[in-house]
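One letter stands for each residue in the lines below.
2 protein chains.
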Amino acid sequence: MNKPSIPKGTRDFSPIEMAKRNYIFNTIREVYALYGFRQIETPAMENLSTLMGKYGEEGDKLLFKILNSGDFMRGITDEDLNEGASGRLAAQLCEKGLRYDLTVPFARYVVQHREELQMPFKRYQIQPVWRADRPQKGRYREFYQCDADVVGSDSLLNEVELMQIIDTVFTRFGIRVSIRINNRKILTGMANYIGQPDKIVEITTAIDKLDKIGIDNVKAELANSGVNEESIAKLQPLFEISGDNDSQLAAIAEMLKDDETGSKGVEEVKTVLEALKPLELKNEIALDLTLARGLNYYTGCIFEVKALDVEIGSITGGGRYDNLTGIFGMPGLSGVGISFGADRIYDVLNQLNLYPQDAIQSAQILFINFGTAEAAYCLKIASQLRQAGIRTEIYPDSVKMKKQMSYANAISVPFVALVGESEMESGLISVKDMASGEQKQMAVDDIIQLIRAKH
Amino acid sequence: MNKPSIPKGTRDFSPIEMAKRNYIFNTIREVYALYGFRQIETPAMENLSTLMGKYGEEGDKLLFKILNSGDFMRGITDEDLNEGASGRLAAQLCEKGLRYDLTVPFARYVVQHREELQMPFKRYQIQPVWRADRPQKGRYREFYQCDADVVGSDSLLNEVELMQIIDTVFTRFGIRVSIRINNRKILTGMANYIGQPDKIVEITTAIDKLDKIGIDNVKAELANSGVNEESIAKLQPLFEISGDNDSQLAAIAEMLKDDETGSKGVEEVKTVLEALKPLELKNEIALDLTLARGLNYYTGCIFEVKALDVEIGSITGGGRYDNLTGIFGMPGLSGVGISFGADRIYDVLNQLNLYPQDAIQSAQILFINFGTAEAAYCLKIASQLRQAGIRTEIYPDSVKMKKQMSYANAISVPFVALVGESEMESGLISVKDMASGEQKQMAVDDIIQLIRAKH
Chain A
1060 MNKPSIPKGT RDFSPIEMAK RNYIFNTIRE VYALYGFRQI ETPAMENLST
1110 LMGKYGEEGD KLLFKILNSG DFMRGITDED LNEGASGRLA AQLCEKGLRY
1160 DLTVPFARYV VQHREELQMP FKRYQIQPVW RADRPQKGRY REFYQCDADV
1210 VGSDSLLNEV ELMQIIDTVF TRFGIRVSIR INNRKILTGM ANYIGQPDKI
1260 VEITTAIDKL DKIGIDNVKA ELANSGVNEE SIAKLQPLFE ISGDNDSQLA
1310 AIAEMLKDDE TGSKGVEEVK TVLEALKPLE LKNEIALDLT LARGLNYYTG
1360 CIFEVKALDV EIGSITGGGR YDNLTGIFGM PGLSGVGISF GADRIYDVLN
1410 QLNLYPQDAI QSAQILFINF GTAEAAYCLK IASQLRQAGI RTEIYPDSVK
1460 MKKQMSYANA ISVPFVALVG ESEMESGLIS VKDMASGEQK QMAVDDIIQL
1510 IRAKH
Chain B
1060 MNKPSIPKGT RDFSPIEMAK RNYIFNTIRE VYALYGFRQI ETPAMENLST
1110 LMGKYGEEGD KLLFKILNSG DFMRGITDED LNEGASGRLA AQLCEKGLRY
1160 DLTVPFARYV VQHREELQMP FKRYQIQPVW RADRPQKGRY REFYQCDADV
1210 VGSDSLLNEV ELMQIIDTVF TRFGIRVSIR INNRKILTGM ANYIGQPDKI
1260 VEITTAIDKL DKIGIDNVKA ELANSGVNEE SIAKLQPLFE ISGDNDSQLA
1310 AIAEMLKDDE TGSKGVEEVK TVLEALKPLE LKNEIALDLT LARGLNYYTG
1360 CIFEVKALDV EIGSITGGGR YDNLTGIFGM PGLSGVGISF GADRIYDVLN
1410 QLNLYPQDAI QSAQILFINF GTAEAAYCLK IASQLRQAGI RTEIYPDSVK
1460 MKKQMSYANA ISVPFVALVG ESEMESGLIS VKDMASGEQK QMAVDDIIQL
1510 IRAKH
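So the sequences go chain by chain: A and B.
So for the first sequence, the working numbering puts the first residue at 1060; every next one is plus one.
So for the second sequence, the working numbering puts the first residue at 1060; every next one is plus one.
Worth double-checking, as some hints may not be accurate.
To be verified - In silico contact screen, one side only, chain B against chain A (beta carbon under 10 Å); selected entries:
#1 T1358
#2 V1369
#3 I1371
#4 S1373
#5 F1387
#6 F1429
#7 M1483
#8 L1487
#9 V1490
#10 K1491
Stated by the list, open to error - Covered stretches of chain A, going by a simulated chain B footprint (3 or more residues, C-beta under 8 Å):
#11 1063-1074
#12 1151-1165
Stated by the list, open to error - Restricting the straight-line Cα-Cα distance to at most 20 Å, the calculated cross-link-like pairs of lysine to aspartate or glutamate (DMTMM-like) are:
#13 A/K1329 with B/E1433
#14 A/K1439 with B/E1433
#15 B/K1067 with A/E1333
#16 B/K1461 with A/E1333
#17 B/K1513 with A/E1089
#18 B/K1459 with A/E1433
#19 A/K1079 with B/E1175
#20 B/K1439 with A/E1333
#21 B/K1120 with A/E1154
#22 A/K1336 with B/E1433
#23 B/K1462 with A/E1174
#24 B/K1329 with A/E1089
#25 A/K1462 with B/E1175
#26 A/K1079 with B/E1343
#27 B/K1439 with A/D1071
#28 B/K1462 with A/E1116
#29 A/K1120 with B/E1343
#30 A/K1067 with B/E1154
#31 A/K1462 with B/E1089
#32 B/K1329 with A/D1505
#33 A/K1461 with B/E1174
#34 B/K1062 with A/E1339
#35 B/K1461 with A/D1368
#36 B/K1461 with A/D1456
#37 B/K1062 with A/E1433
#38 A/K1439 with B/E1333
#39 B/K1067 with A/E1339
#40 B/K1462 with A/E1175
Since the hints were derived computationally from the structure, they do not count as laboratory data.
As the structure is a computational prediction, the values presented were derived from the model and not from experiment.
C-beta atoms are modelled at their ideal positions from N, C-alpha and C, and glycine is treated no differently.
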C-alpha cells in the first residue's frame, strides 16, 4: 500500500508546530480581548450564493465547491453536460463552497443576525480559509486568517485602538515593526490633483510598487496605463515628500489643500497620529503616502505592517471600508479592520528564534517508569504536581532506560524524575535537569518550586 | 435581496456562544496538556482515497466531497454520466473530501509521519468534522471533536491516566458524572461462555440496549438474531451481577474463569481500577458489564461517561484498539483514546448554568465617551488598565448616554467608567458597578484592584 498523503497545498501541524501556532493565535486573541473584541465563528461551508461574485471572476474559480449530497445529477440535462466544466455546471452540481476569507462570511453574519447585534459590533475571528490557488512556497490552499473588525462606528478612535493592538501584539512577540499608515482619500486627492480622477486605480496600483520597482518604473507604468506626461510630472513632488510624519502631513496638506476629499484624508490621518502620540507606542508609526492596498474595498485609513529585521512582505494589514454589507442588501455600514498574517509571523518568529521556551514546551517533567510498584507510586506524585499546574508525564511502559531517555529528549522535557526503591523509601525524588545534566534528590514541594521558577 | 443564510445543519457562533465553547475547549486542552498530551492539526480536506471505505457504506455516502478544481469533467465519459449520481461518478468528479472524524486523519498522520514520531505518541486534536447527515435536533453537519490518544504503548497506565483526565475535566466543569468502564475481552468471553462466539456482534449490540429497552426486550432481540434459548438462559446470571466494582469483578471472573480472553479482560479492568483507588478521583468509576460501544474497533478497555444531573446520552467515550493504522498498511499499532462530546457538554453546562462568569465575559470595564478631549484622556487610562491585563473598552462615538448604556448592557460589562470634566480635573474616575448600581470615584490602581478581586 502506498504511504498515505494529504492534498497538495495543505499541511499537517506537528506538536511543535502547533505549539508555535497556538502561541501566535493566543497572543493575538488575548490582545483582541484586552480591547473588548469578541470572538465569533462561522461555518466552513457557506452557500455558494453567498460566496460567488464577491472576489471577482478569478476568485470564483478559486472557490472550493462541495458536491451536493445524494442525487447530485438531478435536474442536469445533456445540454448542461455538453457545456463541459463550466461555472454554470459547477453551480448545478454544488450549492455549497468552503469560505475563501473571513470578510464575506462576516458581512453575511452581520446581515443575517442584524436584529440581535448591538452596534458598534467589535468582533474577531480566527479560522482557516481555503483557496484553490496554485500551491507554491509560502502559499497554501488552507491557511488561517486572524481578523478583527469594528462595524457600525465611524469614529477614528477605532483606528487608534487598532494601531495600539498591532503595536501590543508585535511588542509581545518581540518583533520590531514599522506600522505604515495612509488614507484612501489622500490617494483620491492625488488623482484629482494631477487631473486624472478616472485613473485612480492605475495610479495607486503603480504607486504601490514604488518600494519594489523604483520611481522610473512607476512612471513608465503610469505612462503605459494612459496617464499623460503632464500628470506624471505633477506627481513628482509626491515622491519627494520626506521627513517625519508631521512634515509629510504638512506637505501633502499643502499639495491637496484645494481638494475636499484629499484634505479630509489628511485630516483623518492627522487625527489618528495625534491621538497616538501621548500613548507612546513601542513601534514606529510611519505615514507612507505610497501605501495603497486593495483600493476598491477601502475608503479611509489604510495600514500595513513590515517587520524590520526580516525580509518579508506585509505581515499585517487593514483599513476602513464604507460598505461591508451592501452586497447583502444592507447598505451604509461602515467599519474598520485588521488582519494578522499568521503564516508570515510564524516564519518571522522562526527566523528570529523568538518563541518563549515555555510556550512551545509540552510536559515539564517526565517520570521514568521502573516497574509496576514504582509507577503506582509515581502516579500519586504526578497527581500532586498536576494539581499544582505542572504538566507531568509518566512513561507508560517499564522499558529500557535508554529508550525512555530518548523519549525525554524527543519531547524536550526539561526535567526527568527517577523513582526507584531508595526514593520510595526516602520519599524524596531524584530529579535530573536535562540541560545541565545535574541530578539531585528533592521533595515534591521543592520540585513544584523549581519548575515554577523556570517559568 | 433575500436575507442571506447558512447551509442547513451548520451554525454561526455568536460572541457569547463562542465564549462558552472556548471555556469548554480551553478546559479540555489544559487538562490534556497537564498529562503531557501534545496538540496536532490535520487539514480539513483529505484525499478521498484516505477517507473512503473507512466508515462503512453508509459513512461513504455521508462524506462531503469537493469538486475538482479546473476541468472537473475531464476524462468523464457518456457511459459514466449515464450511470447517474453514482459513487463512481462522484469519485471521478472529486478527489478530495472533508474529514468525517479525527480518527482516520490521525491514523493517516501517524503512518505518513512515522519516521519523525517518537513512540509512545500522545496527541490531542480539537477540530471540526463534517458529515452529510440529515440535520436534526442536536445533530449537526459541522461539529467539533476533542480527541486524545496514546499510540505505541500497551501499558494500562494509559487507561488509568485517561480516567484521571475525564475525572479532572468534569470536576473542573462542575458536572457530576459516572464514568463507566468495561472491556471488550469480557464481552468476547461472555459470547464464548454461552457457546455463541460467532454471535458476539449481535450479543453486544443487544446487551448495549439493556438500559434503554429492559431485559425482556434484550432477550427477544437475542432470540431474533438467532441466539438459541439455552445460550440466552446462560446469559441470565450476567444480568444479575450487581454490587460494587469488586463484587462484580469477582462474579464475572468466576463466570469466565475457563475462558482465556474473558479472564484477560477481567484482569485488565481490575488492574485499572486498582491503580485508580489510591488516586481518589472525584467522580465514581463504575464497572458496567453491559457497556459495549463500537465493537468492531475496540479491543480492550472501553469507557463511557454519563452526566448524573441531566438526562442526556453519553458525553464522553473511548477505549483501546489494537490496529489503528492497519488500514494504511502499518499493522500492529495499539492505542487507547477518549473523545469529549463538546456539543453535549455545552448543553449540560447550559442546563445546569455552570459557566464561570469570568469565562464568558468580554470587556471588564467600558469607558463612556463624552467627547474628543474626554476620549483622549480615557485612552491613556485604558492603556494602563490593559497593561494590567484588564479587558477594557472605550465606546468609540460620543453619542447619547442612553445608547452607550444600552451597549454596556448588551455586552454585560460589569463596570462602566465615566470621565467628564470634573474627573479630568481630580484625576479620579467615576466607576459604576452595573450589578449594584453603586457609583464611586476611584484612582486607576483601585480600579485594577477592584476588577482583579472580582475574578
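These are the hints, each one checked on the structure:
1. T1358: violated (17 Å)
2. V1369: violated (25 Å)
3. I1371: violated (23 Å)
4. S1373: Result: violated, 25 Å to nearest chain A Cβ.
5. F1387: holds (5 Å)
6. F1429: violated (13 Å)
7. M1483: This hint is violated: B/M1483 lies away from chain A, its Cβ roughly 14 Å from the closest one there, beyond 10 Å.
8. L1487: violated (19 Å)
9. V1490: Hint violated; B/V1490 Cβ to chain A Cβ min 16 Å, cut 10 Å.
10. K1491: Where the cut-off is 10 Å and the nearest Cβ of chain A is about 17 Å from B/K1491, the hint is violated.
11. 1063-1074: That given contact holds, which follows from 10 residues of the segment 1063-1074 of chain A lying within Cβ reach (below 8 Å) of chain B.
12. 1151-1165: Coverage by chain B holds here, the residue count being 5 at a Cβ distance below 8 Å.
13. A/K1329 with B/E1433: holds (18 Å)
14. A/K1439 with B/E1433: Not OK: A/K1439 and B/E1433 at ~57 Å, beyond 20 Å, violated.
15. B/K1067 with A/E1333: Outside the cut-off at roughly 49 Å; violated.
16. B/K1461 with A/E1333: With a Cα-Cα distance of about 29 Å, the restraint between B/K1461 and A/E1333 is violated, given a limit of 20 Å.
17. B/K1513 with A/E1089: holds (19 Å)
18. B/K1459 with A/E1433: Given pair B/K1459, A/E1433 is violated - Cα atoms ~69 Å apart, limit 20 Å.
19. A/K1079 with B/E1175: holds (18 Å)
20. B/K1439 with A/E1333: holds (13 Å)
21. B/K1120 with A/E1154: holds (17 Å)
22. A/K1336 with B/E1433: At roughly 16 Å apart (the allowed maximum being 20 Å), B/E1433 and A/K1336 satisfy the hint.
23. B/K1462 with A/E1174: Measuring from Cα to Cα gives roughly 16 Å; hence the hint holds.
24. B/K1329 with A/E1089: Violated, because 45 Å separates the two Cα atoms, which is more than 20 Å.
25. A/K1462 with B/E1175: Cα-Cα ~15 Å, so holds.
26. A/K1079 with B/E1343: violated (37 Å)
27. B/K1439 with A/D1071: violated (43 Å)
28. B/K1462 with A/E1116: violated (42 Å)
29. A/K1120 with B/E1343: violated (55 Å)
30. A/K1067 with B/E1154: Status holds; Cα separation ~11 Å.
31. A/K1462 with B/E1089: violated (27 Å)
32. B/K1329 with A/D1505: violated (34 Å)
33. A/K1461 with B/E1174: With a Cα-Cα distance of about 19 Å, the restraint between A/K1461 and B/E1174 holds, given a limit of 20 Å.
34. B/K1062 with A/E1339: violated (44 Å)
35. B/K1461 with A/D1368: Violated, at roughly 48 Å.
36. B/K1461 with A/D1456: violated (65 Å)
37. B/K1062 with A/E1433: violated (64 Å)
38. A/K1439 with B/E1333: This hinted pair holds, its Cα atoms lying about 13 Å apart.
39. B/K1067 with A/E1339: violated (49 Å)
40. B/K1462 with A/E1175: Given that 20 Å is the threshold and the Cα spacing comes to 15 Å, the pair holds.
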